[in-house]
Each structure stands twice: as C-alpha cells, then as structure tokens.
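Q: Sequence:
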Amino acid sequence: MRQSRLSRGAALARLALRIGGRYAARSPRLLFASVERRGELRHDLALRSADEVAEELGSMKGVLMKLGQMASYIYEDMPATFRAAMSRLQQKAPPMTAALASSVIVAELGDVPERVFAEWDPLPFAAASIGQVHRAITRDGRAVAVKVQYPGIARSITSDMRNVGLLRRIVGAAFPGLDVRSLVDELGERLQEEVDYALEAESQELFANYYDGHPFIRVPHVLPELSTSRVLTSELVSGATFEELLEWDQDEKDLAAETIHRFIFRSLYRLHAFNGDPHPGNYLFHGAGRVTFLDFGLTKRFTEEDLAPLVDAVRFLVFEKDYEAFRAALERAGFLRSGAPVSTDVVVDRFGQFYGTVLQDAPMTITPAYASAIVRRFFDARGPLAPYSDVPRAYVIMQRINLGLYALLGSLTATANWRRIAEEIWPFRNGPPSTPIGEAEARWEATKTGQDRQKVLKN
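Taking the numbering used here, I'd label the letters of the sequence shown as residues 1 to 459.
In short, the hints are calculated from the structure, not lab data.
Predicted model, so just to flag it, every value in this text is computed and none were measured.
Hints may be right or wrong, so weigh each one.
Claimed, not checked - Within a straight-line C-alpha distance of at most 25 Å, the following computed SDA-like cross-link-like pairs (lysine to any residue) qualify:
1) LYS321 with ARG377
2) LYS321 with ALA273
3) LYS321 with GLU331
4) LYS253 with ALA369
5) LYS321 with ALA288
6) LYS321 with VAL346
7) LYS321 with SER338
8) LYS321 with GLY356
9) LYS448 with THR415
10) LYS321 with ARG301
11) LYS253 with LYS448
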C-alpha cells in the first residue's frame, strides 16, 4: 500500500492528467460530432475514466477508495458499466497477509492472535477501506468479529487530504456535475476520526446501548478488553446479505426497508447521531423485519441547534404548508443563500422533492426510477437554484445517508406509508404506531426508563 505523500500525490497527479488529457483530446471530436455521437463519446470517456479510477482507488485505499465506494451505491445516474467498475471497490479490497494481520494483533493486544483468542481464522471474511475482519472465539467462548486496521492507513489518509485539490479534480472528472468540495472535505475529516477504532467503539456502543433489546434493530456490542485504537472486537452476527435480501419475497423486503428507515430517522431525531456509512454491506438481514447494523466508524453527532431548522422545514412544508417559513428554515440551515433572487415556488419545487415520501398520508412505493430521479436532481448543477444552494458541511454526512437510503429503498422497491412511520419518530408529532413493527417498537420504548435514555445520550 502506498503511504508517502509523494508517491500517493504522484499517483493522483498521473490519474488526473490521464483523465483530463483524455477529455481534452476528445474535445475537438465532441465539437463537430452529431448529438448522438457526442453522447456515445462522452459515455466512452466516462467508462474509461471510471475503470481507471476504480483500479487506482482499489490499490490506494484511504479517502479515494471510500469516495469510490460511496459513489457506487449513491450516484445512481452513472451508466451501469460505470457503476460496475466502481462497485468493485466494495468487493475486492486487497486483504493483508496473515502474517501482517498477526503483527497488528501482537502490537495492539500483546500476543499472536492464536494465543489471544481460543480460535482465530487467519483468512478475513470481510474487507473495508481501512481494515479487514476476522472470525474468532474468545477464551470464554464468545464468537466475535475482529476488525484489524491496515498498517499505515492513517498516514495514507493524511497524505490524501494534503492532496485534497487533486482529490477534488479526480472525483469531479469521474462524476461530471457533482460538486465534491464539501463532500471530500467532510469525508476526509470523518475518515481521520475513523482510523481511531477507540472512537468507533464509543460510537458503536452509543447505538448498541440505545437499541439494546429492540425487537427489530440490533447493533453488536464491543468487547473493550479486546479492542484498541487499531483493533476492534465486537459480537459476531450472522445473517443474509443485501444481495441475498434482493431475492426474498417482496413482503420481506418491505419489512426490512421499514426497519432501515426507522433506524436511520430514529437515530437522527431521537439519538441525535447518524451512522454515516450506508452502503449495503453494513446490513445483515434475519427475516421478519429484523436487521443488524454494522460499522460505526463514520458517525456524525448533532446538537438540538443543528436539528432545529431541519425540524422546522418538515413542520412548515409537510404540515403547516407555510412555504415562506419553509424557505426561511432552509436559509437558516445554510441550504439556500439568504435573499437568493428566485421565487419561493422554485424553492419548494427544488427542495420539496426530498420530502416526497412524507408529503402524502398514503402508502408509497419507492422505485429505482424514483430514487434515481431524487439523486440526479440533487446533483444537477444546471437548475435555477444551483448558484444559490449548497450542502453545508455540517449536513454532508446526513445527505449521504438520505441519498443512500433512497438508493437502498429503490433497490428493494419498498412500499410503506412513510408519512405515518415518520410521524411516530418526529419529536414534534409523537404519532401512534402505524405498523406491527411500530407497535413492537412502542412497547420496547415504554420499557426504557427516562434515566436509561439520559445515560445513553450522555455517553
């Protein structure tokens, strides 16, 4: 793995030059080509660029690889073959050798894994952008998942962020029309936190404690005595993958989708925290709506002040139909420049689309086409609001989750009365349970005392 700023920077520069040079070389042909031929040429350029970015990112890990992984499941508007190239990053992160993984365990836990654990599988069963996961059995007989960090990854991420200008150019070239400045900057900061597994353990326990005993949501607990800043040991959970879920009956997919929806919005509005890495590999499915949630390295926490304008936006748009107040809430949050020379009707049309699932009190099916349209409009740099709208850095992770959620629900073609489910969760509504999952969740919440909730929120 490349570690030095010089070598990684040189690789980034070569990649940017190759992609930029290819676009420059094709510009005369684009100028004189027919409309149909221009589309073909641009498509070919995008595919070749995606293949190169995927290949380079897969070897570098760090920030660029995480960006590529994210793009492969969020940026729905790319061609299918482009998505296929980028999705390789979710599946084929090169593993460490058994000896190298063992050396990390020795450095962090004081002995070789075969003596730290009663049983140790030297072959990883999962890989991510900054680590890989091994199965093990503890000395007291517990099955665990042990995440071992790639040596040198912290230096790699620091190097990537020093080359942030090149990062923006490369990702921007691979995804025309995508404004990546806030995305790259915020993701880089979160990734620099993610390399400290002690912080991830703290975040994971926040969620695990809050959802402890939930009938449909499970978060594995951390074993702190077997965890450090570079090794994270958690309860091992088995379940179906997202790809396997896609083969299940539609009723099962709808139940799983409802649980994911509840987890994301309950975590935001009740726990004031977001698990910021929504790709499909972070979910395990157990049937009947039961889901296990994994990987809390990219966790974002919010204050009441952060959430206040978002709550106001929902209230004014969905319930009070006060569109001027809705616009003012967006301005306070920083999504819209104050005094932008556009009508409020345009503002409602542009931003209201992101509330489409809760505008009507009725069942709604989220199709792949609907999800793709939401993401495409979000990244559209040509609309009348483009010069005056932005994603404030505080909400970058939140928007990733929202777009990732739409992509997931679209893949499942999920149907529910999303408005009723949201009303259960929004703190200014506290609506009654609207589904069997909601009824079970309400019983679970009733067993959690106010003291327990306060303890979780303070930790």
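Q: Each hint: holds or not?
A: Hints, verified against the model:
1. LYS321 with ARG377: Holds, because 23 Å separates the two Cα atoms, which is no more than 25 Å.
2. LYS321 with ALA273: Cα-Cα ~28 Å, so violated.
3. LYS321 with GLU331: Holds. LYS321 to GLU331 sits at ~17 Å (cutoff 25 Å).
4. LYS253 with ALA369: holds (17 Å)
5. LYS321 with ALA288: Violated - the C-alpha atoms of ALA288 and LYS321 are around 37 Å apart, more than 25 Å.
6. LYS321 with VAL346: holds (15 Å)
7. LYS321 with SER338: holds (20 Å)
8. LYS321 with GLY356: holds (14 Å)
9. LYS448 with THR415: The given pair, whose Cα atoms are some 30 Å apart, is violated under the 25 Å limit.
10. LYS321 with ARG301: violated (29 Å)
11. LYS253 with LYS448: violated (28 Å)
In terms of the numbered hints stated before, the structure departs from hints 2, 5, 9, 10, 11, listed from lowest to highest.
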